[in-house]
Amino acid sequence: AQSVTQLDSQVPVFEEAPVELRCNYSSSVSVYLFWYVQYPNQGLQLLLKYLSGSTLVKGINGFEAEFNKSQTSFHLRKPSVHISDTAEYFCAVSEGNTNAGKSTFGDGTTLTVKP
Amino acid sequence: AAGVIQSPRHLIKEKRETATLKCYPIPRHDTVYWYQQGPGQDPQFLISFYEKMQSDKGSIPDRFSAQQFSDYHSELNMSSLELGDSALYFCASSLDLHTGELFFGEGSRLTVL
Chain B
1 AQSVTQLDSQ VPVFEEAPVE LRCNYSSSVS VYLFWYVQYP NQGLQLLLKY
51 LSGSTLVKGI NGFEAEFNKS QTSFHLRKPS VHISDTAEYF CAVSEGNTNA
101 GKSTFGDGTT LTVKP
Chain W
1001 AAGVIQSPRH LIKEKRETAT LKCYPIPRHD TVYWYQQGPG QDPQFLISFY
1051 EKMQSDKGSI PDRFSAQQFS DYHSELNMSS LELGDSALYF CASSLDLHTG
1101 ELFFGEGSRL TVL
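Residue numbers (this note's numbering), protein chains in the order written: chain B, 1 to 115; chain W, 1001 to 1113.
Do not take every clue at face value.
Calculated from the model, a selection of chain W residues having no Cβ within reach of chain B, i.e. all distances over 12 Å [what the hints assert, rightly or not]:
1. Lys1013
2. Asp1062
3. Tyr1072
4. Glu1075
5. Asn1077
6. Ser1086
7. Leu1095
Per label pair, the in silico range of CB-to-CB distance [as the list claims (entries may be wrong)]:
8. Val29(B) with Glu1082(W): 22 to 28 Å
9. Thr1018(W) with Asp107(B): 26 to 32 Å
10. Arg77(B) with Lys1057(W): 33 to 39 Å
Below are the DSBU-like pairs computed for lysine-lysine, each with C-alpha atoms no more than 35 Å apart in a straight line [claimed, not checked]:
11. Lys69(B) with Lys1015(W)
12. Lys1057(W) with Lys58(B)
13. Lys1015(W) with Lys1052(W)
Simulated from the structure, these hints should not be mistaken for lab results. Owing to the predicted nature of the structure, the values given are computational and were not obtained by experimental measurement. The beta carbon of each residue, even a glycine, is placed where N, CA and C say it ideally should be.
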């Protein structure tokens, strides 16, 4: 069984400041890791994913994340946020290969970017 | 580009009624997933299909059933609806079982009164 813990339920930040959304996971097998963004009343959109290879993953909208196997973490970062980044962010893990889309999601982090 | 289409977008039902949600995946995607997202909660995996066969099952109540048809669209049938079934139901499609990249529809919001 796998689980995901998003360490911050809410992250307020000022525009143009850097941000880090933290995610830790647990699994007994090798995993695929994902970050999704959800705007109000919309579906989830994939920001980035880690399947294998380079541990630093770059995604859309200037976001990046680093896979750290020893710390079982996959933190999301952006060097300078915009008002439009205000949304709910979900970290997700799946047991890669068998059914990679069967994901376990974290509880979400609400990112609020203030002017 | 074509996206995942879900219908209806909104649905209001009474307790003990039946509801059917439909999902049309992105063309050439043969894998479909259903997720349930309660108010203020994270999405929970319900069931998935690959090549018209059920590939995996999650926390789906026995009152719910689903299938994937020959044109790859999928339907989620929910019977004996309960108040707790009120949620956003997402369908997502993927190229196959192994890529892991899900493309989500905008969801069907079910309200049970």
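Okay, the hints, checked on the actual structure:
Every CB of chain B is more than 12 Å from the CB of Lys1013(W) (nearest about 20 Å), matching its label as outside the interface. Distance check on Asp1062(W): its Cβ is at least 19 Å (rounded) from any Cβ of chain B, clearing the 12 Å threshold; non-interface status holds. With a least beta-carbon separation of about 15 Å from chain B, Tyr1072(W) lies farther than 12 Å from that chain, consistent with its non-interface assignment. The beta carbon of Glu1075(W) sits about 18 Å from the closest Cβ of chain B, which is more than 12 Å, so the claim that it is off the interface holds.
Its beta-carbon lying about 20 Å from the closest one in chain B, Asn1077(W) satisfies the requirement of being farther than 12 Å from that chain. In this structure Ser1086(W) is separated from chain B by more than 12 Å, as the shortest Cβ-Cβ distance comes to about 15 Å. The beta carbon of Leu1095(W) sits about 10 Å from the closest Cβ of chain B, which is not more than 12 Å, so the claim that it is off the interface is violated. About 34 Å separates the C-beta atoms of Val29(B) and Glu1082(W), a value inconsistent with the hinted range of 22 to 28 Å.
At about 31 Å, the CB distance of Thr1018(W) to Asp107(B) agrees with the hint of 26 to 32 Å. Roughly 35 Å separates the CB atoms of Arg77(B) and Lys1057(W), a value that falls within the hinted 33 to 39 Å. Between Lys69(B) and Lys1015(W) the CA atoms are separated by roughly 46 Å; this puts the pair beyond 35 Å, and the hint is violated. Between the alpha carbons of Lys1057(W) and Lys58(B) the distance comes to roughly 31 Å, so the proposed pair stays at or under 35 Å and holds.
Straight-line distance between C-alpha atoms of Lys1015(W) and Lys1052(W) comes to about 30 Å, which keeps the hinted pair within the 35 Å bound.
Consistency with the previously given hints fails for numbers 7, 8 and 11, ordered from lowest to highest.
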